[in-house]
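In order, the protein sequences belong to chains A and B. Note that the numbering used here has the first sequence beginning at 1, numbered continuously upward. Note that the numbering used here has the second sequence beginning at 1001, numbered continuously upward.
None of the hints are false.
Per label pair, the in silico range of CB-to-CB distance:
no.: 1; chain 1: A; residue 1: N46; chain 2: B; residue 2: E1236; range: 30 to 40 Å
no.: 2; chain 1: B; residue 1: S1025; chain 2: A; residue 2: I83; range: 50 to 60 Å
no.: 3; chain 1: A; residue 1: D34; chain 2: B; residue 2: F1441; range: 30 to 40 Å
no.: 4; chain 1: A; residue 1: D63; chain 2: B; residue 2: Q1281; range: 47 to 57 Å
Think about it this way: if two alpha-carbon atoms lie no more than 30 Å apart in a straight line, the pair counts; the simulated DSSO-like pairs of lysine-lysine are:
no.: 5; chain 1: A; residue 1: K22; chain 2: B; residue 2: K1364
no.: 6; chain 1: A; residue 1: K43; chain 2: B; residue 2: K1387
no.: 7; chain 1: B; residue 1: K1012; chain 2: B; residue 2: K1103
no.: 8; chain 1: B; residue 1: K1364; chain 2: A; residue 2: K31
no.: 9; chain 1: B; residue 1: K1265; chain 2: A; residue 2: K31
no.: 10; chain 1: A; residue 1: K22; chain 2: B; residue 2: K1406
no.: 11; chain 1: A; residue 1: K31; chain 2: B; residue 2: K1406
no.: 12; chain 1: B; residue 1: K1372; chain 2: A; residue 2: K24
no.: 13; chain 1: B; residue 1: K1261; chain 2: A; residue 2: K31
no.: 14; chain 1: B; residue 1: K1443; chain 2: B; residue 2: K1467
no.: 15; chain 1: B; residue 1: K1364; chain 2: A; residue 2: K43
no.: 16; chain 1: A; residue 1: K22; chain 2: B; residue 2: K1349
no.: 17; chain 1: A; residue 1: K22; chain 2: B; residue 2: K1372
no.: 18; chain 1: B; residue 1: K1372; chain 2: A; residue 2: K31
no.: 19; chain 1: A; residue 1: K31; chain 2: B; residue 2: K1088
Partial selection, computed: residues in chain A whose CB lies under 10 Å from chain B:
no.: 20; residue: M1
no.: 21; residue: E16
no.: 22; residue: K24
no.: 23; residue: I32
no.: 24; residue: V36
no.: 25; residue: N37
no.: 26; residue: L39
no.: 27; residue: D45
no.: 28; residue: F55
no.: 29; residue: S56
no.: 30; residue: N58
no.: 31; residue: R61
These are computed hints drawn from the structure, not numbers from a lab. By construction, the Cβ of each residue, glycine as well, lies at the ideal position given by its N, Cα and C atoms.
Next come the chains, spelled out residue by residue.
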Amino acid sequence: MDFTEINHLLELARLELSNEEKEKIAQDLAKILDYVNQLQEVKTDNLEPMAGGTFSENILRDDEINPQKLNLGKEGYFEVPPIFE
Amino acid sequence: MIEELHQKLVNKEITAMQLVEDYFSVIEKKDSQIQAFLTLTKKQALEEAKKVDEKISRGKKIEILEGIPYAVKDNILVKSVKTTAGSKILENYVASYDATVIKKLKSAGAILVGKTNLDEFAMGSSTENSGFFTTKNPWDLTHVPGGSSGGSAAAVSAQMCAFSLGSDTGGSIRQPAAFCGIIGLKPSYGAVSRYGLISMASSLDVIGPLAQSVEDAEIVFQIISGQDPMDSTSCEVKQIQDTRYKIQDTKIGLPQEYFIKGLDKEIQTVIEIMVQKLKKQKVVVKEVSISSTPYALPCYYIIMPAEVSSNLARYDGIRYASNSKFQISDSKLNLRDLYFQTRGEGFGKEVKRRVILGTYVLSKGYYDAYYKKAQKVRRLIIEEFNKVFKEVNFLITPTTPTPAFKIGEKSTDPLSMYLSDIFTVAANIGGLPAINLPIGFTKNHLPIGLQIIGPYGSDYSLLQIAKIIENIL
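Kindly generate the complete structure, drawing on both the sequences and the hints.
Dropping the structure here:
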């Protein structure tokens, strides 16, 4: 991985590194990527990607209206404190 | 041990205040060397203990954890107490609310003695990545206590608290428990609410107890677990009705992929002796195979950093991690610079490494080859676990490939450090409950740990079997 690529990742991650740190990270990433590349050997053709850590879906609370929290102002809009002055 | 302390309190052999004082005198004696704690909460602890004593003296019944001193890993929020996650970037952060587990322990009457050291944001296997200092292994101060919950493990092992809480994303409860010779339970994913746990990798993180006995771990698990409206991934795990669990009815699998070259000879021998003992008790122990095992760690090192890079975006100098050095009011500094500088200065080496790695595997052009591929392998690993659990009830493996290593031994080579989690990550990938049980020592008096892994949701039967094995030892 060269400096251009590292710089691009740093830009995406909003992270500042010294040149010395960049060199070390490029070396480390090369080793780690080499290691994780083992996964390419695994046949995964008929497998759906597993998103998240559980098979359960959308555990939601009941959608109850709490009148105390409802602060409807003029014309039925929510009223919030001003954001800009 | 908790039960014993509880009886002493009930029978007025000791007061809750004296119990707290006793633990603090151990802390004062030992912690200058071990360095398990980042923050101590003695004043509040004594105030809480006083209330428990008043309750006892009024003749009121107390619950099992009332007055019992415990410690918490410093990535779990305790209202009005500093919570650093072991990171300089949160050096001055004071939590504004209690994590669900803390709320539950507070209402159960347990008494917090302090917050324990960890690898920064729970990223590491030795506490050497802590932004503050390295915790030492109580069995040998030149060795690491393991990590990332190294402070919590060392604190229990050195008897500086009755039990502690840790978090486990790839082995961070079980590996330090193995290195420090104590019990460490990683519950099923979702069995314990993550609300108030500083997120590392949300699809893998789980909070669990570290304790002196399986019974203690069970008492704590019973209190901290359960579905929580504040964590939509939390769930109830079934309690077992029949507590007369017979070990003869149990089939145990030894996955051959865990008994590989590179496994320490002494650990292997101790486990073999253990297996012989189980066979003598007429337990069916058989070799099984989980061929995806070697892919669990590489899979983990894609999914985890991906989630890390996203979860740590919030430390931007605005929402969290305000640094007095950089002020947005400084006219020379724009918002972009504030982000880059806050994160560049505030994060340690390992955190930066994982944020960049995670950014890489999620970035355009690499997403399919890395992240999506890893998500598919994750499913494959889960399917293979499901298959093997049709053959056997539990799996037994070593918890770690080696006993506690020396401080500094692995800190310069990240990959060799990652490999110390090789036997623990699969349970996180699969969301499965797993426990470390101390089963012996090396010639150099370092603890050896056995890992038992159970099917998803089998936490209570896992604890039962662990208790039985604990008694066979």
